[in-house]
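K.L.:
Below are the chains, spelled out letter by letter.
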Amino acid sequence: MIEFSIIPLFTWLVSLLAVPAILLFRKRPDAREGITFLAAFLKLGMIFMMLPLIREGKILHFQFGEILPGIPIEFRVDGLGMLFALVASSLWILTTLYAVGYMRGLKEHDQTRFFACFAISLSATIGVAFAGNLLTLYIFYEILSLSTYPLVTHHGDKAARTGGRTYLSHLLGTSIAFVLPAMIYCYWKSGADINFTDGAFLDGKIGSSDGLIVLLAFTLGFAKSGLMPFHSWLPNAMVAPTPVSALLHAVAVVKVGVFCVLRVFTGVFGTDFLQKLDVGTVITYIAAFTIIVSSLIALTQDNLKRRLAFSTIGQLAYIVLGVSFLSSNGVTGSMMHIAMHAFGKITLFFCAGAIFVASGKKYISQMVGLGRQMPITMIAFLIGSLSIIGLPPFGGAWSKWYLFLGALDADQTAMAIVLVISSLLNIAYLLPIPVNALFRSPPQKGKKGSDAGIKEAPLACLIPLCITALAGLLFFLFPGLGFELAELITK
Amino acid sequence: MTEHFPILILLVPLFGALIVVLLGRERPEQCWVTSLVSLGISSIISLFTIIVVFSDKVQTIRYRMGGWEPEANGYEVGIELRVDILAALVVFAVTFVGFVNTIYSKTRAEAEVQGKVPFFYALIQLLIVGLCGIVMTNDAFNLYVLIEITSLTSYALIAMGNRRAVLSSFNYVIMGTIGASFYLLGVGYLYIKTGTLNIDDIRMVLGNDNLWEHQSIVVAFIFIMLGVWTKMAFFPLHGWLPNAYAYAPSMTGTFMAPLMTKVMVYVMIRVMLWLFGYEFVYSGQHVWKELIIWMSVLAIVAGSLLALARTDIKKMLTYLIVAEVGYMVGGAWLGNVTGQAGAFYHILSDAAMTFCLFIAASIIVLRVGDSRVNAFDNLFRKMPLTMIGFTVGALSMIGLPPTCGFFSKWYLISGGIEAGQWEYVCALIFSSLVNAIIFFRIFERAYFGKIAGVKEDLSPSDSDANPDTGIKEVPWSMLVPLFIASGFVLLLGIMNRTLFEWIQTALEVMNT
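These protein sequences, in sequence, are chains A and B.
First residue of the first sequence? That's 1 in the numbering used here, and the numbers climb one at a time after it.
First residue of the second sequence? That's 1 in the numbering used here, and the numbers climb one at a time after it.
No lab work stands behind these hints, which were simulated from the structure alone.
Warning: the hint list may mix true and false statements.
[To be verified] One-sided excerpt, in silico: chain A residues whose CB lies under 7 Å from chain B:
{"no.": "1", "residue": "I139"}
{"no.": "2", "residue": "A159"}
{"no.": "3", "residue": "K362"}
[Unchecked claim] Cross-link-like lysine-lysine pairs, in silico, BS3-like; alpha carbons within 30 Å at most:
{"no.": "4", "chain 1": "A", "residue 1": "K189", "chain 2": "B", "residue 2": "K289"}
{"no.": "5", "chain 1": "A", "residue 1": "K491", "chain 2": "A", "residue 2": "K58"}
{"no.": "6", "chain 1": "A", "residue 1": "K491", "chain 2": "A", "residue 2": "K107"}
{"no.": "7", "chain 1": "A", "residue 1": "K27", "chain 2": "B", "residue 2": "K315"}
{"no.": "8", "chain 1": "A", "residue 1": "K158", "chain 2": "B", "residue 2": "K315"}
{"no.": "9", "chain 1": "A", "residue 1": "K205", "chain 2": "A", "residue 2": "K27"}
{"no.": "10", "chain 1": "A", "residue 1": "K276", "chain 2": "A", "residue 2": "K107"}
{"no.": "11", "chain 1": "A", "residue 1": "K158", "chain 2": "B", "residue 2": "K472"}
{"no.": "12", "chain 1": "A", "residue 1": "K189", "chain 2": "A", "residue 2": "K276"}
{"no.": "13", "chain 1": "A", "residue 1": "K27", "chain 2": "A", "residue 2": "K107"}
{"no.": "14", "chain 1": "B", "residue 1": "K193", "chain 2": "B", "residue 2": "K289"}
{"no.": "15", "chain 1": "A", "residue 1": "K158", "chain 2": "A", "residue 2": "K205"}
Glycine is no exception: its CB is placed at the ideal position from the N, C-alpha and C atoms.
Construct the entire structure; sequences and hints are all you get.
P.N.:
Below is the structure:
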């Protein structure tokens, strides 16, 4: 049931319109951040306005212009897009709050540019979430790559520059080299129709070997999903300020990558057709490889943000793995994991940033006994870790459960074992951090007793991470909405 | 009135050129106004020509010079101008770029060619007459004459530049003359075999007498192609181009770089489809189709790599032109309408983006006083307006939506896929990636500036020890053209569907 609606346009536009206002108020930081908050709340509000309609099974649709024959700029809100938009825009509010605390706490430079680029990135993220055809998706995907570049390289030093170079070369390079030709090939094969509709547009129009190449080109070309071998931009992007790492490199940017992969599987090929072509297994193996290898690398990282980055690579591969099972349980698991991992990982990043703001510590080996100083942060870190690992009573349990079911549905026992092993690896690289911090005493310094008292990060940093940690718990108790939206896609 | 449009487009700048020379003795300061007016009129007329041609009653304007009626058997006697939608679009591009470039030259002409200002304006208007004539004429020999007019004027225009320009111009004279001779030879063969010079008539005679298999026709085709390729700097015949455009006066470079090669690509498409016809050009008996596509692949790859290796901004841009010529030759030779129309669309979009980039580069070289890439250090802060224009052009070169460069790449790649020429598709993507490296290297410098403590491999004349040396934006007469150009880069992108449909319809006729 497709219904015309102008709300998707405004949802996309509101954060874009905030940009000139942010620039205008560059001399008055409070007003500037006020505008960001206003835009963020408006965005979330509009998404909530659309939510009941989507839950009724409607699809909201808006289009303008026809940029290529048969291909307009089109917004189309369905369950998958809704889920992602909900996650991204609700976390935007929290991240803004957090960013205010973080950026002011560290007295960062160029904060106007920072918040302006952040708003553009969010606009592009919503653009991807609501994209109604492959070209619209691609355009917003590229805008996201470009608009996050100033954020990644915010510090402007040599490390930032190198990181930024890796970032852009990977994201832009793969999208031009793989996605663009694959998209044009689809356009040609499907007879100028690359619009996402109820059925997949490439269904039955492509052979098995071509299909495999196109699928690979898409899956690897959307390198924001962090699949190996195009994953190394993500650890390098950790030179960015922590709010960027938190929202963009745990939620928006990386989830845009897996979101695009999900779209390719469900909207371009269709899982049934892929089953017929019998090409999903290749992706399964790439994803499984990524999961194991990135978890192993994560074990060796001492820099907390880098460890989290490698953990993100592994968790993203779960999502790709789930959808590559081509079963409805797998897709449900993937969609749930987009939300669950977003809340879990953003908590961890918030904690990493809070630790850095409060104590200036970046390395895990320095954090032993830090729990005395920052108990709230460390407890939140523990909750986030447990959710990522997938233990009840935290949200991550649901997505892991469905991923596991998906593996069994697809008769991929090996993959079920991969999931188990990787969960163990998750425990190995995540849990020691909060456990050591909370239960071991800090190494004796003998200099001054400043370690003794509680010294948490500013409240603006602390509140968001408590909320996201709590959300992890709530999602376990009330996962209904996620399943409902997933059902709209898998039915 | 409307039927006289084609000749008016030519006559206005022609008389403008004469007036400028006469006026120049007494009032040199009025040369600028005069040429601005004459080119403005000319571009308005060409805009109206597009409208006239597009209105569905008149698809093609045929203008018989001197009113010579054709013979009873249908053969033309006089010289004919022929304007269809394709020609109208290119003519508009030529006159409009000429007009905008004249705005740009307001302050530069005085500074760069002191004492020769009237001659500069006279020559540039003659050049525009020549280019428009090339596009509109329907006579193969006239085409040669007009090519020579453009060549002679451009030799003089280039030689007005700095000391190195003279040698580059001489280089161009040699190569240009050889190219023109090849073309003339080819036309000679055709004339011997067909007895006519009118393009449509030649095609008709070739068809009626079934001369396709004749050796001399094949040789004529090869000669003409070689001549046209030399003129458009198709790799490896590109040797004359980089120096000529880089050392010419800046306002000459900004005009010639976007237009000269593109007009010759148009001539190639004309010769292929109108003079010889698609059956002959794409027929399976000749090996050249595959060969030429591979040559265009080579041109794209080599042009991109050579551009990557340059540190001089203008040189880098000129090598990018070499690569872009490869795009268009390849697209035209794919043998399907999508490819041809893509190549044609790329004529327009490449003109817009090259114009944009050349103006921006000229402004930057002028203001910073350094033509190497390190001129860009910190420019986003120092010259934000110029950098916005530059960025639009650069993104288009890389091929990011919604700039026109993305869509021309889209159509060209579609054509390549349709023809199954994967090597061409790969070359296009390769070139996009290399362009991304080239331009993001520049953006990085412009965004961050030089990193303190990093020793850079540059010569001692590095003048930017102090990052704030008071570099300011240029006067409006240079910024306005830049913004018009970057506006067109976006406009062509947004309007691509409409334009592409017009082009496709016009070309489809020639492929059936």
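K.L.:
Each hint needs a verdict: does it hold in this structure or not?
P.N.:
Checked hints:
For A/I139, the interface hint holds, since its Cβ comes within 7 Å of a Cβ in chain B; the closest pair sits about 5 Å apart. Because the closest C-beta pair between A/A159 and chain B is about 11 Å apart, greater than 7 Å, the hint is violated. For A/K362, the interface hint is violated, the least distance from its beta-carbon to any beta-carbon of chain B being 22 Å, above 7 Å. The straight-line distance between the Cα atoms of A/K189 and B/K289 is roughly 24 Å, inside the 30 Å bound, and the hint therefore holds.
For the proposed pair A/K491 and A/K58, the alpha carbon gap of about 14 Å is at most 30 Å, so the pair holds. Taken as a hint, the A/K491 and A/K107 pair is broken in the structure, with Cα atoms around 50 Å apart against an allowance of 30 Å. In summary, the hint linking A/K27 to B/K315 is not supported, as the alpha carbons are separated by about 42 Å, beyond the 30 Å threshold. Note on A/K158 and B/K315: the hinted pairing holds, with a Cα-Cα distance of about 28 Å set against a maximum of 30 Å.
Straight-line distance between C-alpha atoms of A/K205 and A/K27 comes to about 56 Å, which puts the hinted pair past the 30 Å bound. Annotation: proposed proximity of A/K276 to A/K107 is violated, straight-line Cα distance about 57 Å (limit 30 Å). The straight-line distance between the Cα atoms of A/K158 and B/K472 is roughly 27 Å, inside the 30 Å bound, and the hint therefore holds. Our distance criterion of 30 Å between C-alpha atoms is met by A/K189 and A/K276, whose separation comes to about 18 Å.
For the suggested pair A/K27 and A/K107, the alpha carbons sit about 15 Å apart, so the restraint of at most 30 Å is met. The suggested pairing of B/K193 with B/K289 holds, with an alpha-carbon distance near 24 Å, which does not exceed 30 Å. Using a Cα cut-off of 30 Å, the hinted pair A/K158 and A/K205 is violated, with the two alpha carbons roughly 48 Å apart.
Violation of the numbered hints given earlier is confined to hints 2, 3, 6, 7, 9, 10, 15; the remaining hints are satisfied by the structure.
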